[in-house]
Structures are given as C-alpha cells and as structure tokens.
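Listed in order, the protein sequences are those of chains B and S. No gaps in the numbering here: position 205 of the first sequence is 205 in our numbering, and each next residue is one more. No gaps in the numbering here: position 434 of the second sequence is 434 in our numbering, and each next residue is one more.
No lab work stands behind these hints: they were computed from the structure. Each hint should be verified, as a subset may be incorrect.
Residues from chain S shown here face chain B by an in silico Cβ test under 7 Å; the list is partial [unchecked claim]:
#, residue
1, G140
2, A239
3, E303
4, S382
Ideal Cβ positions, reconstructed from N, Cα and C, are used throughout, including at glycine.
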Amino acid sequence: MNWEVVIGLEAHVQLATQSKIFSSSSTQYGATPNTQANEVDMALPGSLPVLNRQAVEHAIRFGLAIGATVSPRSIFARKNYFYPDLPKNYQISQYEIPVVLGGTLPCFVDGKALTFNLTRAHLEEDAGKSIHENFATPDGRPCSGIDLNRSGTPLLEIVSEPEMRSAAQAVAYARALHALVVWLGICDGNMQEGSFRIDANVSVRPKGQAAFGTRTETKNVNSFRFLERAISYEIRRQIELIEDGGKVVQETRLYDADRDETRSMRSKEDAHDYRYFPDPDLPPLIITPAWIAQVKDSMPELPKERRHRFVEDLGLSSEDAAQLCQDRQIAQYFEAVANALPNGQAKLAANWVMGEVAAALNREEKDIDACPLSAGALAKLLARISDGTISNKIAREIFTDMWANSTLDADAIIEAKGLKQISDSSAIGAMVDEVIASQPAIVQEYRAGKQKAFNSLVGQVMKLAKGKANPAQVNDLLKQRLDG
Amino acid sequence: MALFLDQYADIIALRQALDNKQISVKELTQTLLGEIKHHANLNAFVDVQADLSLAQAEIAEQSIACGQAGALTGIPLAHKDIFVTEGWRTTAGSRMLADYRSPFDATVVQALLKAQTVSLGKLSCDEFAMGSGNEHAATGPVRNPWDLDVVPGGSSGGSAAAVAAGLVLGATGTDTGGSVRQPAALSGICGIKPTYGVASRFGMIAYASSLDQAGVMARSAADLALLLDAISGFDPRDATSIETCRAVANAPGRILSDYTRFNNRNNTQPLAGLRIGVPNEYFGDGLNNDVAQAIDQALVVLESLGAKRVSISLPNTALSIPAYYVIAPAEASSNLARYDAVRYGHRTETYTDLADMSARSRTEGFGEEVRKRIMIGTYVLSHGYYDAYYLQAQRVRRLIAQDFQRAFADQCDVIMGPVTPTVAPAIGSLSTDPTAEWLGDIYTLSVNLAGLPGLSVPCGFAPGHRSQPLPVGLQMIGNYFDEGRLLAVAHQFQLVTDWHQRRPGAPT
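Just chain B, same shape as in the assembly (with noise of 0.2 Å):
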C-alpha cells in the first residue's frame, strides 16, 4: 500500500529575556542548582506571579514576523498536574486563548520553497528539572534532587498546522522556524541548552483517504539530525505495524538517540484530565495596537524582506538569498562585503561568505561573529579578484593567511609575496612561447585534435608563471599561438 505521512511540529522555544517570565530571578543558564529560584518560581506561600512584559514583547515579535493575529486580550491559565519539578503543582499557560494565531512559515525543501501554516503561538512557563542520576543523600543514599532553575523560564510554544508530509520537510520547517526565532533575537537557539525543543507529532494514512491516522508524540528531541531520525524511524514503526495488522497507539514516546529508536512514555489512558481554568492571579493579558505597533518599530528587518532586497537589489539567485538569510548575522556580514565592493560583485562576495569564510568557520566551530576577518578586510581581498589584480586561487591563500591572522592586510600580502597577478601581454607571451618550444610532444598532440592537450599546455604556462598569470590572457595568447 501507499502511506501517506502527516507530521505536525510543537516547538518549545525558550525566550531571551533577563528575567523568569512570572518572577525577577534570572534566567542565566548553568548556574548552581536552586540559586537562581526565588520564591515565586519555589513556590513558596503567599507568593504571586506577576507577568514579565519583555516575554510578551518577544511573542509579538514572533506573531508580527509570521504574519499572524496578535490577540488583543489574551487568558493565562493554570494547567493543574503533580510533578515534584513543578512546584506551584500546576503550569501557567495559555490554552483557549494563546497570545498568536496563524501565521505562517517559508522554507526550502530541496530547493523548492514550501510554505507552512501555523496553529497557535503561546506563552507558558517552564518547569524545573528532575536529577535522578548521581544524586545521593547527605548519608549515602541514592535519591532525586531538583533544581528549579529553570522553574519560571519564558516559553514560547509554537504549534504548526499538521502539513508536513515528510521528514525532510519536517526538519525544513524546523530549521526555517529555529533561524527566524535566532533572527528575531527572541531566543539563543542554543539546542544543547534546551533552548529550542521540538516534539513531533506523526501518523500516517493510506495515501488518498481524507482522515487522519492515530498519531503519536515523539518528545525529547534536541537537534535536527535526531528529528530526522524518530521521525523517520516512527513513520517506519507506524507503517510496518498497520501492515502486520496491528494498530497504532495514540501515545507520548521518547527518543532515545543512542539507541535510534522511539519508546513508549505514557499512553492517551494515562492522560491527565489538566482541569485547565483562567488563573485568577493574572488578570487578562491585553495587547494595544499601540503597543504592537511600539514592537513593530523596534524589529529588525525580517528575513524574508532582506532576501527579497537581495534578489532585486544585489541580483543574487532566489536560493542564494535564501541560504544567507538563515542567520542574521552571516546576511549582515554578507551585506557589509558586498556594499563595499563595486557594483555587480554581490554574487562574487556571496560565494565567499557561503564557500571560503562558511567552511573556514565550519572546521573551527566558530560563529560568525567570531570570524577573524572583517567585512571591510575580506571585501579588500575580493576587490582585487574584480579588478584582475590576483586570482581566486591566489585569493585562497592569502584567505588563508588573513584568518590565520587577522592584523593581516590583502593588499600587503600581495605586495610582500609578490603575487601580484601577471597581466602585461608581452611577459605571458613569452612564457607562452617557452611552454611551446619546450614541449613538442604535447603541441603534437593538440595539433592532432586532443583537446585535453591545451588545458596541460595552459597548466604548464600558470605553472612557469608560478600561477600569477592572468588566467583569461594565457588562454588566449596560447590559442592564438597554436591556431595562428
């Protein structure tokens, strides 16, 4: 039979904001445990939540950049439920009213664009965290402990419509959706930290029926390669239980990377009924016009504007545009290189940040804001490519000087090095004519059809000009030489 797969994505994503999204604690990652809780996120009686206006703000970023409804009055509720981890014993979040509706997402698959629709965006906290593993008590024996660091902390859960169709597209839309957030300075993206969580929702449907499949949650997934894998894994389980006559189970499951496998964690009969209901100690979120529009004048340019200005104004192709514009700061860089060099280089400083300065950055696993050459040093660099002073692979290994020191210049090390690419027509021809004199064999050759035979002659010329010579004038000068 043929499946039809139906993936819906709830991503979790931990807002950047100094403070707890209902307390003045902070929200510093990594610190001793139970140090950054106050009484607010223990819990503790006679405390009161009181709600973090920049957890906000970053919503309305996030609504205004979808292009969804930003909710004009909004509810917080009490999702009630024991769990030692959460201390007040149940969660504030939002549930028939959220603070975003709609909107939707652009991405690329396979280098097609795809756009996805989104649900729902709300605001909710987070809870603390268990430690089962080493943790013992003060005499010796094993036990749990909490740390409610994390209690409090502002999330931002972001629910897609159920259209993704595979696993790839799954991974595109979270991709797409962890750069936006990244972009929006909304959140740090860091995925190690638990700062963009993802929990899948998969089933899969005879290809052609209308109704949905059961469909199951996979939780803990915390990078992209993993949400590849339990997806494609659990569309895999899915399909061969239906085909050996079984059923699927609609059900919360974990992925559990070492293994490459998603397990059962409780099923719809463990379910909680939440008893969900508006928290009397909040009173209704309410969003101005005003307000929005405050948010709205402190954005910064949205990425699908930015590419949209690199395709029509710098001419880049629409796939180039899009692979720069996944992150702020490489779009940024991008434009400080191209704005420095001559009009109609953009595509030669795109395919520097993409190729040279993304590799390089790659194999030392640094960020961009990290990248030892400045916009201004690497687009000297490419200015003398443009202006035919050196050649791209001339250009390379100065690249390479340069980032190994950044005091560097491009210019100076041409100077010093003498690299400066041969254009004088009379010195190419003579080395043209030595090359020619020198290797009969080869002439031969050429003359006799064998049009490899040219390309060594050109390589034998670069090689007597210890490959400064103008790579377009050799080519000519030899073909002139030989047919003339």
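Mind docking chain S on chain B? Use the hints.
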C-alpha cells in the same frame, strides 16, 4: 475582665497617651504580652515572640522620642496567621504548615510595620481561611470573649477574639466570603474588607485568589479608617492589585481623604441625602427575629441622621451560595496543590513512592473541611463538569455583580442589612449539619463575588443559644472604591450610638 487597653477608647486615645509619655511603647507591649499569656484560654494567639514585638516597640519608641510619630506609631496589633511573617511562624491554621517559617513578610504586614505599629504575634484562623467559626484550626477552636462557649466567627476568628477581648487595638484579617465581616459581627467589633485589589494579596496565603481580600478589624470605624488606609495601595508584586481608584492613585491617603471629606458636613443631619438600599432578599426566611430587629433599630438611627431608607432587590442573592461554593473550592483545589511535601510542609513518616508521599502527607496535613473543598474543587474543574459547574458559576457571579450595579446606578448610595442570620452559635453545633455553616454566609458571599467593599459595625445584641446576649453586626456595602464613604457613615452612626464601646464583661 478589666484589661489594660480598656482605658483607651480607640487608637487616637492611646496615641495621645503614648505621645504624652503616660506610658512607653515598651511598657505597653510588655503589659499586653502578659495579658495575652493570661488569656490563653481564648486560644486566639498561635505564635507570640516577645523579643520580636519588643524590637518593634523599640523602633516606635525612638520615633516618638524624636517627635516623628505617625498616626499608628506604637499601636499594638496582631496578624491573622494567613499572612506570611518573617520571624513568627506562619501556619495558615494547618497542620500542613505547623513549622513553616516564611523568608519574607506579606505586603500588608510590611505596610503596618512601616507605619510603626507593634505586632504582638499571629492569630488563629480556620485552616487556609476555610470556615465560619474558627473551629477548623489545627490548634483547636477559638473562644468568643462574650461567651467562651460560642464561636467568635471565622475564618478571622482569632483576630476578632483578640480585638474584642482587648488584647490588641487592631488586627488584620482576610475576607474571601465574609471572613472579616462575619467574625467582627459575632464578636461585637468593627471590620472592613475593601474593594478587591485595593490591598495587596502578596504574602497572603491563597484560598480563592479571585475572592481573597485583606481587611482590618478594630473597635471603631475611625480606627478602621486609619488601619485600612495604611494597608491600601498598589503593589507591583500582585498583578490583581489596582493602580488607580476612579482616577485617584491607590495609595495610603486616598481612603482617609475620602473619609474626612464625607465626615466634614458639620450639621445635625450629617447623612442628609444618603440613600440606604435595603435588599428585600436580606430579610427573608432564615433571618433571626431579634437580629432583624437590631438591624431595623440601627436603620432608624441612621434615618434620624438624615439618611433615607430605600427598598431594593438583589434578586440573585440566593445563588451566591452555590456560585461561591463552586468558584472558591475550584481555585482552592489548585492553590493548595503546592502543599505536596516536596519542598516544605508536613511530610508523612513512611511512603512507598513519590505519589504516595504526597497523597499521605496531604491526607494527614489537611483537615476535613480543607479536604472536602479540595475534592469539590477538583470535581467541578474536571473534564465534562467544567461547563456545568465552573462556567455556570462564573455566569452567576456576573449576574450578582450586575444586581449591585443596578442598585447603585440610580436607587441607593450604600446597601445595608445583616451580616449573619443569627448571633454566634455554640462551639461544636455547626459540625452536626455541614451545610448550616455554609448557609450562614448568605449575606456576605455576594460582596466578594462582586468584589465590592463591605464593613460590619456592632448594632445591638440578641439572645444566644442560652438566651445570653450576643453581639449583632450591621453590614454596609458600598460601590467600588467607596471605602472612605462607608467608614464615614459608620463613624456617624458610632457618634450617636455606643454599641462599639461595649466590652465583654467577665465571661461566663
């Protein structure tokens, strides 16, 4: 029982004695601490820490010495044990928090400390403020100074008993469904709860967050005005606290300024033009005749001051009981979930796993009334019942609020009636009928559901279960932010009556 404070009519009188150095704050404090010990049979205090009280007395005394005393400097108070306090234990009347000590003070406690009052300790209350007789306290029932066999009312029963006995001049209370007004009425003192949001809830252990409001209890309306003004004010730590009341900043000074303005009419008819709405529904079946008569007498007195009595209707009054006993338990079931024995509070001796630990600890730590309300609240919020109970109760709540707004729109300026259907019942008599205690809240609940200010002043006596005379309270309900006017009307009433000056004799 001739008590030291009996020689001072009110806060102003004691303030004068302190300023004139007739007595020092420390002497006063020491004397009262002794009397508290001597009257331990009332069971009103649950924690007394002499050194902490004396340290506060020291500060007040220095301030008097420097000539920097305020209207409340050195005044002896105590706090309902639902307010968290640094130093004193905070138990909320529960075994669950028997040894709990808060690392911070409630905003209301802080405000009174800033006003240089002296706290003499913590006062018993019904467990988590759930109850109307102070019989649901882990430390046992509190006794009414007018008759040790009857309840003082609840849930702020310790506060009412301590003020009525003359052990303190004022006390804090909280009012979720009548818990300030009802014990004030049953104990023959004055009590006010302001508009929801006027006093901060930060540091007030939550029972039902949308209904809970701090209040104060004292001997006279004039004293209430001073105390309530001091605890009022916007608090950035409470998202439901109010920033402005009818374009006036919610801050100390607002209530006193209204109070003074309404009092300064300077004629023989100080209440001329005041329309008193008397709801038909507050005088139906269930209201004791003697209580009804005392209320009527009080209204006659108010008419003699120029007020006009207007008959009004609050048609949804009877629905306030079911609405309240859905909404309050619903919120309580969630508010009390934090008491799980994980971070603080009572933890059972033996348990098999985490769920068992929490379940056993909660069963042991909570009393019967609290467990009952948690069960009801959990039920009404459950999937499939939420619409029928919780949402329906919220609709009724809106109707009740609309009833009041209709009356205030064009019929009356204040609403008056009884606080309770009867005088204080005998200790132990409520437990035989579990709903009797709830039905007794009929006149007070709707004020909380609507979020309005309400006060209670003594207005006479009626025979108790042994025909002994017990206090009756007159309830005054105002529109939002009308605290100052309510207190002024009560003050005018007290200028021509002496019910509030009656002290319990040697209890029998």
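Against the structure, the hints:
Contact between S/G140 and chain B, as hinted, is not supported at the beta carbon level, the nearest pair being about 22 Å apart and thus beyond 7 Å. Hint on S/A239 holds. Least Cβ distance to chain B is approximately 5 Å, under the 7 Å limit. A distance limit of 7 Å between C-beta atoms decides the matter here; for S/E303 the minimum to chain B is near 40 Å, and the interface restraint is violated. Because the smallest distance between the Cβ of S/S382 and any Cβ of chain B comes to about 6 Å, under 7 Å, the interface hint for this residue holds.
Against the hints set out earlier in the document, violations occur for numbers 1, 3.
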